[in-house]
Every structure is written in C-alpha cells, then in structure tokens.
Amino acid sequence: MTAAEGPVPAEPARRIQPDALDIGIAAVVVALVVAGALTDRFFSLANARAILAAAASTGITAIGATLVMIAGSAVSLAVAQTASVVAMVFLATQQLGLAAAILLGLLCGVAITALQGAVVGFWAANPIVTTIAAGFAVGGIATWISGGTTVYPRVAAFDGLNSTPLGLPLAVYVLLALTALAQWVLRRTTVGKRLYLLGENPAAARAAGLPVAWVTVAAWAFFGACIALTGVFLAAFNTSATAGLGGTLSLDAIAAVLAGGTAIGGGHGSALRTLGGAVLISVISDLLLLRGFSTGIQLLAKGLLVLFVVIAVHVRSARGRR
Amino acid sequence: MSAGQAPAGQARRRAGLAAAGRLTSRPEILVPAVSLLLVLAAFLCTPLVSGNGLTAFDLFNTLQGLAQLGLLALGLGITMIAGEFDLSVAGTYAAGGMIAVQAGQSSAVLGVLAAVGAGAAIGAAQGGLVAAVRIPSLPVTLATYIALLGLASAMSGGLSVTYANTAATLALDRPVAVIFSLPSLITLAAFAIAALVLGGTRLGREVRAVGGDRRASRVAGVRVERTLVGLFTASGALAALGGALLSYSRASANPDPGLQPLILATVACLVGGVSLAGGRGLPAGLLAGLLAVALLGQIDAMTALPDYYTELLYAALLLVIVAVDAPGLRRGLDRLRAGAANRRGPLAR
Numbered sequence: 001m002t003a004a005e006g007p008v009p010a011e012p013a014r015r016i017q018p019d020a021l022d023i024g025i026a027a028v029v030v031a032l033v034v035a036g037a038l039t040d041r042f043f044s045l046a047n048a049r050a051i052l053a054a055a056a057s058t059g060i061t062a063i064g065a066t067l068v069m070i071a072g073s074a075v076s077l078a079v080a081q082t083a084s085v086v087a088m089v090f091l092a093t094q095q096l097g098l099a100a101a102i103l104l105g106l107l108c109g110v111a112i113t114a115l116q117g118a119v120v121g122f123w124a125a126n127p128i129v130t131t132i133a134a135g136f137a138v139g140g141i142a143t144w145i146s147g148g149t150t151v152y153p154r155v156a157a158f159d160g161l162n163s164t165p166l167g168l169p170l171a172v173y174v175l176l177a178l179t180a181l182a183q184w185v186l187r188r189t190t191v192g193k194r195l196y197l198l199g200e201n202p203a204a205a206r207a208a209g210l211p212v213a214w215v216t217v218a219a220w221a222f223f224g225a226c227i228a229l230t231g232v233f234l235a236a237f238n239t240s241a242t243a244g245l246g247g248t249l250s251l252d253a254i255a256a257v258l259a260g261g262t263a264i265g266g267g268h269g270s271a272l273r274t275l276g277g278a279v280l281i282s283v284i285s286d287l288l289l290l291r292g293f294s295t296g297i298q299l300l301a302k303g304l305l306v307l308f309v310v311i312a313v314h315v316r317s318a319r320g321r322r
Numbered sequence: 001m002s003a004g005q006a007p008a009g010q011a012r013r014r015a016g017l018a019a020a021g022r023l024t025s026r027p028e029i030l031v032p033a034v035s036l037l038l039v040l041a042a043f044l045c046t047p048l049v050s051g052n053g054l055t056a057f058d059l060f061n062t063l064q065g066l067a068q069l070g071l072l073a074l075g076l077g078i079t080m081i082a083g084e085f086d087l088s089v090a091g092t093y094a095a096g097g098m099i100a101v102q103a104g105q106s107s108a109v110l111g112v113l114a115a116v117g118a119g120a121a122i123g124a125a126q127g128g129l130v131a132a133v134r135i136p137s138l139p140v141t142l143a144t145y146i147a148l149l150g151l152a153s154a155m156s157g158g159l160s161v162t163y164a165n166t167a168a169t170l171a172l173d174r175p176v177a178v179i180f181s182l183p184s185l186i187t188l189a190a191f192a193i194a195a196l197v198l199g200g201t202r203l204g205r206e207v208r209a210v211g212g213d214r215r216a217s218r219v220a221g222v223r224v225e226r227t228l229v230g231l232f233t234a235s236g237a238l239a240a241l242g243g244a245l246l247s248y249s250r251a252s253a254n255p256d257p258g259l260q261p262l263i264l265a266t267v268a269c270l271v272g273g274v275s276l277a278g279g280r281g282l283p284a285g286l287l288a289g290l291l292a293v294a295l296l297g298q299i300d301a302m303t304a305l306p307d308y309y310t311e312l313l314y315a316a317l318l319l320v321i322v323a324v325d326a327p328g329l330r331r332g333l334d335r336l337r338a339g340a341a342n343r344r345g346p347l348a349r
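In order, the protein sequence lines correspond to chains A and B.
If you're matching positions, the first sequence starts at 1 in the working numbering and goes up one per residue.
If you're matching positions, the second sequence starts at 1 in the working numbering and goes up one per residue.
Source of the hints: derived by calculation from the structure; they are not laboratory data.
Wrong hints could be hidden among the right ones.
Stated by the list, open to error - Reference listing, derived: stretches of chain B covered by chain A, where coverage requires no fewer than 3 residues with Cβ under 8 Å from a Cβ of chain A:
no. : stretch
1   : 124-136
2   : 152-164
3   : 322-331
What the hints assert, rightly or not - Computed far set for chain B versus chain A, every beta-carbon distance over 10 Å:
no. : residue
4   : Leu38
5   : Ala167
6   : Thr169
7   : Ile179
8   : Ala277
Computed from a prediction, not measured in an experiment: that's the story for all the values here.
Every residue gets a Cβ at the ideal spot worked out from N, C-alpha and C, and that includes glycine.
Work the whole structure out from these sequences, hints included.
Below, the structure written as structure tokens:
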C-alpha cells in the first residue's frame, strides 16, 4: 500500500509532537476519566483488576498480531482455531506436568502459525486467503482428532495459571512481559528494524538483500507463541476445551491492534500502542457495563472507537507523507 | 487460431493447447470451472455413499443454500473485484436481518425495504469514507463490522427475534418450478444483473480498472470515488437483502451469526476466481464458486459425513487458490516452465 513513498521520519520523533490524533486520544481518555469518576465502583481495585484481566485475554494475542501487521501482513483469520487447538493440546497433555504441557502447546501454536508465515513469506501469498485456509485446516484437524467432543484434562496441573499474584491474574503479568519483550525487539534489535522496513517497503527490503521470507516467518512464529499463550490461559480458565473455544479472538485481537493506532498497511506501530489499545477497549467496555449498557452497545462503542482511530491514524500518516 | 496448412488433428491439438494456455492465464475462468466440475462430480457420486438416489429436492436444497449465502457473496465479490475487502457485509447481513424482522412484522415488503435502505446507507457511508480519505477498506470495514454486530445485538437485547409473519416465511420456502424458490430466484436475478452491468457497461470496466491499478485508472479519467461509493452502496444493499431473506426464511433474526457466513462467502468468491488483490473476477465465475460451496454443503448434508471433511476440503481448495494466486510461487514456476519450453523449442508453447 505504501510502496513508493519516500523515507519516513523515525517513529519516536513523530510521537513527541502532539497532533489531532494525540489530542483526540487525550480527549477520549479525559472523557473516560470523567465518566469513570461519575460511575459507581469504576475507580476501585476490583474493577481495575477486571479491566486488566479483560485486556489480557485479547492483548496477549494482539501483541503478536502487532509484529505481523508491522511486517505488512494485514490480518490472520486462523487465530481462534489455533488458540482452541493449543488449548486442547495443553489440556490433553496435563499428565506430563505443567511445563511440558505449556511447551507442547507453544510448539503447536508456533508450528501452525509459522507455517502460515512461511507460505506468506516464501510464496508472497495473500495472508487473508492463507489464514482462512489454515483456519479450516486447523479447525478440521482438531475436530477430527478430538472427535468433535470436549477435551477434559485427566489431571489438573494448570491451577497455578489461574493464580493471582499481588491480586492480578497471571495473564496480566504475561501480557506486560510480552509487551516489553516485543517493544524491545521492535526498537532495539535488527529483526525489529527489518520488520519495519519490510512493512514499509517490501520491494526495498528485498532489494536491500534482507531475508524477507525468514523475517516474515520469525514475526509469525512470535505471533504463534502469543496465540498459544492465550490458548493456554483460555484452557486453564475454562478447564475444558472445544474446537470453538477461541470464539471471536481473531477479530478482537486485530481490533486491539488497530485501536492502538498501528497502521494496517505495515511499517508503523508498536507493542506499547497495542497494549494501550487493548486496555482502552476493555476500559470502555467495562465503563459501559457498569453503567448498565448491553453487550450490543459495548460492541457498537468498540467498533466506533476502532473506526475513529483507524481513520485518524491514516489521515495523519497521509499528511506526513505529503 | 492460425492453424495454417497443418493437418486437422494437429491443428485441433494446437488450438486446444492455445485454449488451455488462455485458460491457465485466466484464473477467473479456470478456478471456478475446475472447482465446480470437481464438486459436481462429487455431488453425482453421493448416492454411492448415502445409498439414496439424487432427487429434485436435493437440487432445491442446494439452491436454498446458494440463496442463503449468495447475496452476501455477491456484495463481497464486487468490492473484491475493485480491490477492496468489505468485511462489514457480514455485519450488514446481521443488522439487515434484524431490521427486516423488526420493521416487517406486519408487512414483509416493508421490512425488506427498510433493511435494504439501511444497508445501502451504511454501504454509501463507508464507500464515501474509503473514497474520501483514500484509506484501505479492511480496517474501516472491520470496525464497522464490529459496530454493526453491536447494533444488531442492541436492537434485540442480544437475543434472537422471532418473525411471526408465517405467511411470508411459507411463501419464501415454497418451491417454484420444482427446484427454485423466491430467495434463490432473487439471488440468481441479482447475479444476472451484476453480470450484465459488469460485463457490458463502462461501469464494469471501471470497476476492474479501479481494482487493477487505482492510480493508473485515476490518471486515465476513471471516476474512482464515484465507482467506490456505488460499489459499497450496492454491496451494503445486497448484504442487507440477503440477511433479510435469511431471517424471513428462518422465521427469526440472529444478532450474531458469527464469522462463518463471511468466511463461506469469501470462499465462494475465491473459488469463483475473484482475486483479493483486485482487478480480477466475473459474476459468472462467482456464481460458479457459490454453487460449488452450496453443493459442498448439500453433499455434507446428504452423506452425513462429519463436519471436518468439509472443513478439510475447503482448506485444500483454498490452498490450491493460494498457490494459483501467489506471485512468489508463480515466479518460481515461470522460471521452471521457461526452462522446459526452451528445451522443447518455441512451438511447444
């Protein structure tokens, strides 16, 4: 999409100058704080916990999706199925112990997702078509092996995953750690710089001799690990798994990435932004819930928020290019 | 086909080769044709598995399945040809079904009109946005998809709403000319209109130009913005009509149909030879792809095979399409083919 644009100013320099988007986000945050102050029980420890737990449920996957989107592969529609399969593998291998079960789940998620990354990277295949195909394959194989039934663990080694150190669910710490890791990779490592270049201008990345396909595979592998962790937490939380456990995770994760202001065309964005997007979405949903609005209104608000951010980000980057 | 004075058999073979060459270079015909033939063959073989012969009722059911998905797939397909991916059709589909049921309790026609009007307005707003800001449609329509699901759910308090007008439901599901029904006839008519408009008018050429190379088509004087607004309006109206007919025929509107309709409509488009990259695709191919998907669904129902067979089949079908469409893979194959052709001499191509 941004094939033939000139050099783009470095991300940090642009973030310092406030513009319409930053002002808009600030206005939203102020409005949320005011609305929160007027809402009973919004500013409470229990509610903060609920917000962060909700953010973690999509945020972990969204962090992985951020890297893939920065590298230029718009979206994956196989996320929910992959998370479900990982949850099934994780529960079915509980008798091997927690570490082994997590490791197997991670392996499974990384393998499935990195394979899609390889198809996208090496064949330059369309990520949407590839991931729809992968979603069918993963879902089909999962139903085939499980016989379409619910997977229950023989022993429950996963109880530790549902613990709440310092009052916060473990998944929240994992989300924060993954955000820090992804942010470090994106900003401080060669792989990170290559991801931005690949998303910004794939032709230039290829011309510069970057191992484009392998960089893509690396991003997708990390994405797979993030999906797998989400699947593991889903399994531990639900204590059983079906092929439909992933639910609406595929699009929820993309919504969080987009709400954070990462551009769908690739080349821009950060893990911190995605963390912000995930938290923002869960704050708004939580606020609406506390004020007694239905799930429908919560979804509507989430969609409008994503719409606003997507347009604002696009208008800003289009202006920056002129 | 300049066969010249070569013997007839050779001429025919060369003509055949040339036609095959044209077909492989035209995936918008080859992909749907091959897929439909394969699925048709499988459909004709179902009596071997199920033990029951094929009846006209099976065809009726296939066409009912086609009608459930058809208008959604058509709306998605025409935007895809123009290089956009309109995820929101699935939201409009749900919202349209909900609006039709709630506005059409007394008069079915009124409900359909309300749904189609709302769908067209939603589509026009999105098209206007995409055209004015020149933003890729995927993120915009993902956001509106979520918002529209929310709207449909808010309209019904998150619950399914039953449609009490049983006369309308019965009328929609009554067979017409043995194998057709009102929804399937409407769907086929919509495809016929789309084929006429896209195949025979300047607008059709402009749609493909917009999808093929937007910058060049703008330079060449194509009214890109108008075309986009028109396409999104049409896709919104089609999706809403599809949703309305579906809820009438099911006698209830579901606020959250999930991702399945969208995914299946996308599969129908892709199997129909429409490229997500834009600029490629024909309504006739799209109809063939849709028929293939509907037949697969019917095969599934007739043979009572487990669901995962269909899922794995879709995966295999889509993988073939991935391979056909992948530029990286094609470059590699072209190199191989060029090498082989050089060894055989120029005539063999």
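Open item on the list: At 10 Å, judged by beta carbons, does Ile179 of chain B keep clear of chain A as stated?
Closed with: The claim holds: Ile179 of chain B sits with its nearest Cβ about 29 Å from chain A, beyond 10 Å.
Task: Verdict on Ala167 of chain B as a residue remote from chain A, using beta-carbon distances over 10 Å - done: holds (30 Å)
Open item on the list: Beyond 10 Å on every Cβ pair: is that true for Leu38 of chain B relative to chain A?
Closed with: Nearest chain A Cβ is 17 Å from Leu38 of chain B, so the label holds.
Open item on the list: If we take the beta carbon of Ala277 of chain B, is the closest beta carbon in chain A still more than 10 Å away?
Closed with: The assertion about Ala277 of chain B is violated, with a minimum of 7 Å to chain A.
Open item on the list: Taking beta carbons only, do three or more residues of the stretch 322-331 of chain B come closer than 8 Å to chain A?
Closed with: Contact hint for the stretch 322-331 of chain B vs chain A: holds, 7 residues under 8 Å.
TODO: Can you take a look at whether the stretch 124-136 of chain B is actually covered by chain A? Rule is 3+ residues, C-beta closer than 8 Å.
DONE: Holds, because 5 residues of the stretch 124-136 of chain B bring their Cβ atoms closer than 8 Å to Cβ atoms of chain A.
TODO: Could you check that no beta carbon of chain A comes within 10 Å of the beta carbon of Thr169 of chain B?
DONE: Since the minimum Cβ distance to chain A is about 25 Å, Thr169 of chain B lies beyond 10 Å and the statement holds.
TODO: Confirm or reject the coverage of the stretch 152-164 of chain B by chain A under the rule of 3 or more residues with a beta carbon closer than 8 Å to the chain's beta carbons.
DONE: holds (count 7)
Going down the numbered hints, you'll see the structure goes against just number 8.
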